[in-house]
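Chemist: Here's the letter readout for the chains.
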Amino acid sequence: MIKASLTSATKRFGETVAVDGVSLEVEDGEFVVLLGPTGAGKTTTLRLFAGLETPDKGRVTIAGSDVTRLGPAERDVAFVFQQYSLYPHLTVFENLAFPLKAPGRRVSAAQIRKRVEEIAELLRIAPKLKNRVTALSGGEMQRVSIGRALVREPNLFLMDEPLSSLDAKLREDLRLELKRIQRDLGATIVYVTHDQLEAMTLADRIGVLAEGRLVQIDTPRVVYERPANIYAAQRLGSPQINLVAPTALAVGEVPGGAAQVGVRPEDVVVAPREGTNGVANAPPKGVPGEILTVEHFGVETIALIDIGGRQVHALLGPRTTLTQGMPVAASVRPGAALYFDATGARL
Amino acid sequence: MSVAAYSVGEASPRQKLLAGVLVVAYALVTMIPLVWIVLTGFKSPPASISYPPQVLFEPTLEGYVNLFTTRSRQTPEYIESLGPAETWYDALVRERNMVITGKSRFAGRYMNSVIIGFGSTFLAVFLGTLAAYAFSRFKVPLKDDLMFFILSTRMMPPVAVAIPIYLMYRELGLSDTHLGMILLYTAVNLSLSVWLLKGFVDEIPREYEEAAVVDGYTRFQAFVKVVLPQMRAGIAATAIFCLIFAWNEYAFALLLTSGTAQTAPPFIPIIIGEGGLDWPAVAAGTTLFLVPVVVFTVLLRKQLLRGITFGAVRR
Ligand SMILES: Nc1ncnc2c1ncn2[C@@H]1O[C@H](COP(=O)(O)OP(=O)(O)O)[C@@H](O)[C@H]1O
Ligand SMILES: [Mg+2]
Numbered sequence: 001m002i003k004a005s006l007t008s009a010t011k012r013f014g015e016t017v018a019v020d021g022v023s024l025e026v027e028d029g030e031f032v033v034l035l036g037p038t039g040a041g042k043t044t045t046l047r048l049f050a051g052l053e054t055p056d057k058g059r060v061t062i063a064g065s066d067v068t069r070l071g072p073a074e075r076d077v078a079f080v081f082q083q084y085s086l087y088p089h090l091t092v093f094e095n096l097a098f099p100l101k102a103p104g105r106r107v108s109a110a111q112i113r114k115r116v117e118e119i120a121e122l123l124r125i126a127p128k129l130k131n132r133v134t135a136l137s138g139g140e141m142q143r144v145s146i147g148r149a150l151v152r153e154p155n156l157f158l159m160d161e162p163l164s165s166l167d168a169k170l171r172e173d174l175r176l177e178l179k180r181i182q183r184d185l186g187a188t189i190v191y192v193t194h195d196q197l198e199a200m201t202l203a204d205r206i207g208v209l210a211e212g213r214l215v216q217i218d219t220p221r222v223v224y225e226r227p228a229n230i231y232a233a234q235r236l237g238s239p240q241i242n243l244v245a246p247t248a249l250a251v252g253e254v255p256g257g258a259a260q261v262g263v264r265p266e267d268v269v270v271a272p273r274e275g276t277n278g279v280a281n282a283p284p285k286g287v288p289g290e291i292l293t294v295e296h297f298g299v300e301t302i303a304l305i306d307i308g309g310r311q312v313h314a315l316l317g318p319r320t321t322l323t324q325g326m327p328v329a330a331s332v333r334p335g336a337a338l339y340f341d342a343t344g345a346r347l
Numbered sequence: 001m002s003v004a005a006y007s008v009g010e011a012s013p014r015q016k017l018l019a020g021v022l023v024v025a026y027a028l029v030t031m032i033p034l035v036w037i038v039l040t041g042f043k044s045p046p047a048s049i050s051y052p053p054q055v056l057f058e059p060t061l062e063g064y065v066n067l068f069t070t071r072s073r074q075t076p077e078y079i080e081s082l083g084p085a086e087t088w089y090d091a092l093v094r095e096r097n098m099v100i101t102g103k104s105r106f107a108g109r110y111m112n113s114v115i116i117g118f119g120s121t122f123l124a125v126f127l128g129t130l131a132a133y134a135f136s137r138f139k140v141p142l143k144d145d146l147m148f149f150i151l152s153t154r155m156m157p158p159v160a161v162a163i164p165i166y167l168m169y170r171e172l173g174l175s176d177t178h179l180g181m182i183l184l185y186t187a188v189n190l191s192l193s194v195w196l197l198k199g200f201v202d203e204i205p206r207e208y209e210e211a212a213v214v215d216g217y218t219r220f221q222a223f224v225k226v227v228l229p230q231m232r233a234g235i236a237a238t239a240i241f242c243l244i245f246a247w248n249e250y251a252f253a254l255l256l257t258s259g260t261a262q263t264a265p266p267f268i269p270i271i272i273g274e275g276g277l278d279w280p281a282v283a284a285g286t287t288l289f290l291v292p293v294v295v296f297t298v299l300l301r302k303q304l305l306r307g308i309t310f311g312a313v314r315r
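Chains as they are written, first to last, in our numbering: chain A, 1 to 347; chain B, 1 to 315.
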């Protein structure tokens, strides 16, 4: 069942086209992550769902009905803002209870208390309920923000980079918790981020946004392995995909019309050109190059290789013997290369 | 809030002492006129005008009694015939061969000040809050020009338009009415109020209201529940500025009021006693006149301290 959708939604701000003909269908219970850099139109897309912006063109549906012209209050969605979603003049409890106290919702005081306590328990902020929100740490504040959305059971959760202001460790913790809670509640979430790790780990499907357009929407795996174009290919993977001329790396048969070849670092095969201990190996396959740097990250090692003046990242095993300055031969794992035409679309 | 580049450490005892001395010295200098007025209120009329001025004197409540009463001079025989004085203030007055003939108009004038001062402050802040919110949040056509126009009403001294206002008020029947004075002070204060308050509203992120609206509140409810509480400091600071202006205003009060709606400022300096101004009564009136503003400011001082930085240090 489709829980929410945008149909060719366009939103302009003066000259800027913030959202450009985006069509997107979110299934019930699905976790969709919109990924894109700053200014890609992520926030505006969420605001279109919430009714905080009205599209210039296109339609919005939520729970099967057309809500394009309805105000935010009538859509029954919850929005977690990037920042500033907690009221500094209220306590944690009051902040969590705020959505339930909205006129027309008619929730009894006892029910409010029960629900707020449940959510506080779920998010592990129960001991802080009486505190002012200004006395909380960043991680606690973010939990309360998410809690404010969870106290209700809305049709749709919209989350605008809710973890972006936290440090790495907290972000990871909250990410895991969020995923767990979403599964437990069967919540439908549209989540916005510019962090590919968040997108990869949270999403059932990732939507890649570029300058207001939805470039591709698919499972993280498909977006990673079969990106729609260069832009989508570059959004996922760290280090980024290597882009080289079709002839720069020995990639076998290049299809006609290919202007660039993309090779993920893990698909670059690197072998030393000279045998170790002076013993000559069989001459390695591939184009000659030289190792510029080697970075050890524990579980993996990343080498930057100079191939005919072009720099290419390669993922090496943790126990590699390659070191800086070594002459190497680089090739591509068969079938792993991605081909892009002159417009950037994948062939 | 940005973090200062230097560390703010505890001051050394010597620095504290020096700072303390400076503050006390400054306070003394600024408070001397005030103290003199308060003291004069407790002097007898002769002591108040004696030369050289008396610093040490026998305090009396004569000034306060004179402030609130009208009296007439009588012969000692007549006073004798009245029998013993019933109250302490009757006794006090009779020592000067006078009897109390009634209440003075001071209490009425003081009430006028309270009604007009607080009334116009309330109106200026109330209207200012709504206008500031609208200017901050809505698409108002010619917004910048309107804001400039509002400010421009303060670009000349208000007294410059005294004559037109006088004539206008006479035509409209607003002269010497509470309503007229409240409207006038509201009009003068409104530009300050709109400008100050707009700054405070601008400081409050829209996301707060948007969050409330998404949660099912109407825009107006969001304004009341989310924006107003966060404007408290700004509203308090603005109210104090407006009250101080309206409370102390002299020129228009002198020009436009004479009876029913006369405020205390034009009244106090012309309290006449025997043989000229009754200085202790004037000083007593001035002292009492200071009280509401001081109390109001002290009550709101916590808000004021936060508000007076004009949003610079909010969080
Ligand atoms: N209220 C607005 N007024 C004018 N321009 C806006 C407004 N909101 C967003 N934009 C513009 O629309 C584009 C997309 O913005 P946004 O949706 O906030 O991107 P993101 O959240 O991906 O960073 C940006 O170029 C931004 O400057
Ligand atoms: Mg954004």
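Treat the hints as calculated values from the structure; they're not laboratory data.
Note that the Cβ used here is the ideal one computed from N, Cα and C, for glycine as well.
Hints should not be assumed to be uniformly reliable.
[What the hints assert, rightly or not] Label pairs and their calculated CB-CB ranges:
(1) A/13 to B/122: 54 to 62 Å
(2) B/154 to A/84: 27 to 35 Å
(3) A/12 to B/219: 21 to 29 Å
(4) A/66 to B/148: 39 to 47 Å
(5) A/183 to B/144: 33 to 41 Å
(6) B/144 to A/105: 34 to 42 Å
[Unchecked claim] Some chain A residues well away from chain B (every beta-carbon gap over 12 Å; in silico):
(7) 23
(8) 57
(9) 74
(10) 145
(11) 344
Chemist: Hint by hint, which ones does the structure fall short of?
Modeler: Hints 1, 5, 9, 10 contradicted; others consistent.
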